[in-house]
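S.K.: Generate coordinates for the entire structure from the input sequences, incorporating the hints supplied.
Chains as they are written, first to last, in the working numbering: chain A, 1 to 269; chain B, 270 to 621; chain C, 622 to 1167.
Please note that a few of the clues may not be correct.
Taking lysine to aspartate or glutamate pairs in the EDC-like style, the calculated list, with each CA pair at most 16 Å apart, reads [said to hold, decoys possible]:
id, chain 1, residue 1, chain 2, residue 2
1, C, K663, B, D399
2, C, K864, C, D667
3, C, K658, B, D399
4, C, K1111, C, E1145
5, C, K864, B, E405
Rather than coming from a laboratory, the hints here were simulated on the basis of the structure. Please read all numbers here as calculations on a predicted model, not as lab measurements.
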Amino acid sequence: MKKLSARRRHPLAALVVLLIALAATGGLYTAFAPADQAVADETAQTLTIEEGKKLYAVGCASCHGTGGQGTTDGPPLTGVGAAAVDFQVGTGRMPAQQPGAQVPKKKVIYSQAQIDQLAAYIASLGAGPEIPTENAYNPEGADIAEGGELFRTNCAQCHNFTGKGGALSEGKYAPTLEGVDPKHIYEAMQTGPQNMPSFPDTTLSEENKKDIIAYLEAVNGDDTVEPGGLSLGGLGPVSEGLFGWVFGLGTLIAVAVWVTARTAKAKKS
Amino acid sequence: MSSQEIPEENLPAEQGDAHGAVKVADEKNPFADPGLPPHEHRIQDIDERAAKRSERTVALLFTVSMLATIAFIAAYVAIPVDKAIYVWPIGHISALNFALGMTLGLALFCIGAGAVHWARTLMSDVEVADERHPIETSPEVRAQVHADFRAGAAESVIGRRKLIRNTMLGALAMVPLAGVVLLRDLGPLPGTSLRHTTWAKGKKLVNMNTMEPLRPSDVAVGSLTFAMPDGLDEHQHDFQKNIAKDALMIVRIQPDDIKDKRELEWSHEGIVAFSKICTHVGCPISLYEQQTHHVLCPCHQSTFDLADGGRVIFGPAGHALPQLRITVGEDGYLEAVSDFAEPVGPAFWERG
Amino acid sequence: MSTTTTTDARDSRAKAPAGERVADWADGRLGIYSLAKANMRKIFPDHWSFMLGEVALYSFIIIILTGVYLTLFFHPSMNEVEYHGPYVPLQGQLMSEAFNSTMYISFEVRGGLLIRQIHHWAALIFLAAMFVHMMRVFFTGAFRKPREVNWVFGFLLFVLGMFTGFTGYSLPDDLLSGTGVRFMEGAVLSVPIVGTYLSFFLFGGEFPGGDFVARFYSVHILLLPGIMLGLLVAHLILVLYHKHTQFAGPGKTNNNVVGMPLLPVYMAKAGGFFFLVFGVIAIISAIATINPIWSIGPYRPDQVSTGAQPDWYMGFSEGLIRVMPGWEINFWGHTLVLGVFIPLIIFPLVLVAIAVYPFIESWVTGDKREHHILDRPRNAPTRTAFGVAWITWYMVLLIGGGNDLWATHFHLSINAITWFVRIAFFVAPVIAFIITKRICLGLQRRDHDKVLHGRETGIIKRLPHGEFIEVHEPLSQEQLHTLTAHEQYKPAEIGPAVDENGVARKITRREKLRAKLSKGYYGEDSQIAKPTVEEYKEITSGHGHH
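M.R.: Right, dumping it as structure tokens:
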């Protein structure tokens, strides 16, 4: 205790107290913040539209209307197709937790079988893009460089050079594409979720989509080589500038303090 | 502005005049400068063993530097330029870049660290006071220089022979114009080139992804397509210049949702073609939000409403996005009715 | 024979070391000894903040060294070629030779990537170090007479550094820098009357043309660095000539400089520091990517990425342009693009605001003496407050320049950030000014109490009658001197309204303004009178009695 009181006048004491306080508030917040509620229904069911309809009535109808006709809280789902359902529910965006500028990606709460049932039900309401087969989005053999050019023309303006995401107006944003399943990327291009425009096969061919997915795998995959070292989030000059100031100049100032500090004297005054 | 404007008493008293001589504590003035504190010895000054330790540390640092340089050369020779390694926590990186950078950094850093440690522990650390001398020269010298200058100027008769002075100044002022004129051929005159693009009556809209001409049925509501005029090719010499003005974004809006009458007129069944080049400073704007029909520029966040004639609704852009009037040709493909009605891209003085 | 005797004389002292003989030879031709006499034992005071300028100097040297290496491989040409290098995601793509050769440097020249990264990291650090160095000089008042000219040289170096950086950043002709150049073209176009012509001359025709890389190249490697080198040498000569400033302290006066001699201590420290700076930057370049043009891709005027920003030192101009409302005036067939032109005008004004400050201050104080003792920022509250207000202004604009990234990373609306910056542009500097001045005065008050009552020891003592007091430890004379060594001006008054003959004198507005400013600087509300010896004696003598 004596040690503590002696050090409380140390110049760094205020900083330490601040850090502890911050850590404590953060810890409390995470401890008490509402956790995502998993309401997954575990019972195994056959893949039928009827089952999908039941699921729909429980999880979706309150916003999208009992027959998918849409309400003020959610758009109509007639004709959006199975691919849209697979994307929205498969990435956890739906069911939405709360209204806001944009519905974020969350933990997925339905099993793939249930998602397929829901998709089948929605597809039965009106024709739309189907869930792609693996053959459609498997990037093997696609032209990575061509995909890069297509990505820069069609996608980079919102999702950044290598798919790290970016801001849109009024709090909306283009999410990062890192770690997103190729199937979901394909479906997003196909269906245009939320404010993202769609890129149907008539304007961005299946081949084009494969190229884009291949490019993303190449520049944003787990094994992507960043020759220069840390990619600093891949965000460009802002993060580079911060790094340069904090670690570059910061280190050099620390070194300068050492260079000019007085050498320890023999007798401590 | 001369110093006379400020009365002397407003200036603070001159600072003490001690030249760093060690003074005895002043009884009368406890704030007086006590002079440089006496020099205190470092451990290395009185303990030869500590000094030896310092010497060894410095030598070690220099040796590490030598080893690091050898490692640098070895890495340069041994590691292939395209080899990647995994380094925690950085990730997969170029082995050569990492090895060369670390060894070079170490080699340099150790030289510096050695030199500084040497200076800090073994070189004398007695503080010395050096006297300053006023920067200003003495009044005598100043008077002398002024006199010399006046004498020289008088001898040159420049003050008396006004004609010589004036013509010389004129000549000196004019001769740089030669240099300015020489810059003329840096580029052609603008003329009306900023007013025109490649678009013209009957030019088909070519999808930039598939390189196929677009049909109305290709463009779905909520989709986004980029197009360029038929006949433009990446390999052409002036492709960059042309695409900087020609690039289009095509979206389809339910005709009922289009608020601007002219926009609806210039569209084809709700298919509208807007310039992709922002009217602010020319970034390719294309962050299309399909639910609101707003497009946002990623560079400076100008926001345009594509359902309302490309009107600016936020940000620094000064005028609406130009729209290209389109129709469907006899063969069923989308085509331009004419060139843009106004210049595309950033505004300029002659734009009007 | 005379020759023989000379030889003999030489022989007699032939034991002189070789180095000395070389130096003698050089002295006979260059007169180096008179230079050496003045400078070899020159005194440099030690303080970490005095090393910031050195960080800048050394980064500049590193930039030149690595830059020369890069020119050996870089092709400043905009001819389109197809990429056939080892980087798969670009193979077969069309790109300019500039981009292609930068790819070659990054992927095929052994160590090329390292040198490129050192060059670019050193550039960021160079400008950051100049910025901090400039702020150090500002807040300690080191710009005062006789150093005003050197302040201007330093300022010019910072501005030229910004443009050298910008032109260098544009050379690889990648999608990010091309977007920056496009912005520059838009800004040039906005200039009334001549803008279109300037743009056509700059780019050799319509944007992007085929010339700007080559033109930027000669500006980047020759014109600007040449001017900077000249200014840098002048800057250093003046530092030597004026001798370094120092903080107040025992034995340190306005007429001396206390520290270690150039030879050997400072030479070892400064020389060693060069290697330390180079070493740190090399290690950073080994572990962190900068400007990965392979991810960014070659420039095409119809492509873009979100998060398009310039390097940090141009960030405040990006902020200006992002938050400006889109004003545009059309008249008589002409367009005045205020939405772009106003930021273009404010851009230099932001920089000039800090550059002219020393001259304003010297006008207000009317002080014509030399100043070699540095101020503690708290003892010049108005200056410090102005400096902090300026930095706040600059930072607000930097935030504006990165509004899209703040939006995504802090889950904010980009429109809200833009509005925040629009308002903060006017309000934040004022608030910063007021708060800083208050803090400075508070610190002055604390110094005042410390001098009079001693240092708070944190030890609590209980007196016999139960009262608790904190024990204050009296300061040593060194500390007393250091805390009271600063000067305090009195506010300048407007002279008498009548001259010595009793005739009413016209008081100019200039005079009034100056008196007002001077009051703002040195009036009662703007500084705490430092304790006098009398006050001190009264309190210390009374202390014993209680």
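S.K.: Indicate, hint by hint, whether the structure satisfies it.
M.R.: The hints, checked one at a time:
no.: 1; hint: C/K663 to B/D399; result: 8 Å, holds
no.: 2; hint: C/K864 to C/D667; result: 13 Å, holds
no.: 3; hint: C/K658 to B/D399; result: 14 Å, holds
no.: 4; hint: C/K1111 to C/E1145; result: 9 Å, holds
no.: 5; hint: C/K864 to B/E405; result: 14 Å, holds
In terms of the numbered hints stated before, the structure departs from none.
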